[in-house]
Amino acid sequence: MTTVSYSSFVDHEFLSVHIVAEYAFCPRSAFNLLTGAEVASTGSFREGRVMHNRVDQPTECTHRGAYVERSLRVQSLVLGLVGVIDQVRSYTDGRVEVWEYKRGTQRDAHTHELQIALLSLCYRDETGVTPNIGVVWTTGDRRSRRFNIASTLLAEAEQLVQNVSLKRQQGTPWPRRPQSACHGCIFRYDCWSENELSHL
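Its first residue numbered 0, the sequence shown is counted upward by one per residue in numbering that gives the first Met the number 0.
These are calculated hints, taken from the structure and not from any lab test. All residues carry an ideal CB built from backbone N, CA and C; glycine is no exception. Some hints could be false.
Pair ranges (Cβ atoms, derived) [said to hold, decoys possible]: (1) His-62 x Glu-195: 43 to 49 Å; (2) Asn-194 x Thr-138: 31 to 37 Å; (3) Ala-108 x Ser-150: 17 to 23 Å; (4) Arg-142 x Gly-79: 32 to 38 Å; (5) Glu-195 x Ser-150: 38 to 44 Å; (6) Tyr-188 x Ser-150: 38 to 44 Å; (7) Arg-141 x Asn-162: 32 to 38 Å; (8) Thr-91 x Glu-12: 34 to 40 Å; (9) Tyr-66 x Leu-165: 34 to 40 Å; (10) Thr-58 x Ser-164: 28 to 34 Å; (11) Gln-161 x Gly-139: 32 to 38 Å; (12) Glu-195 x Asn-131: 42 to 48 Å.
Use the sequences and the hints to build the structure in full.
Printed below as a string of structure tokens:
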């Protein structure tokens with residue numbers, strides 16, 4: 000089985016938006032990403048990397064009346080947070096949309112919303128403008144889901160960053176979340192035995 004290390008993907012001076020959002024889904028998976036664990040290079044993992052390598056080329060253009068920035072690296076010095084926004088669309092009427100592209104179908108809705116909220120906090124701290132619309136586009140069903148980036152969601156995202164920062168200082172493995180989704184997780188063999196996986 001091919002393995003790859005996440006160490007080259009992690010910014011060690013800042014917390015990655017991806018890791019903080021992953022913590023909301025599964026703390027153990029986030030811990031493994033943070034510590035640069037070796038992971039199984041599954042088909043879905045490779046597909047996700049290929050998709051992002053294809054779109055992760057910073058560009059700017061106009062599209063349907065919006066100024067579009069793609070693969071925009073953003074960071075918050077206040078929160079110690081860094082990430083890359085797949086796409087930002089800014090309209091003349093003041094709307095600012097943050098787009099995230101995901102493989103598969105529309106699942107894990109709140110985790111996706113938190114990731115966009117985290118990216119929006121970084122964008123706000125860099126530009127002084129707070130995005131107000133989030134859009135999740137999934138490649139599996141070619142659907143988009145729009146939602147308002149409410150102040151309560153931003154506050155939840157800020158609290159999540161604080162929680163992960165505190166956990167990071169402890170250095171001990173974070174708890175795993177027993178659930179059926181573990182079957183598709185790239186860290187499942189680190190967290191569970193073969194016998195445990197068969198009974199999930």
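Violations among the numbered hints, reported as their numbers in ascending order: none
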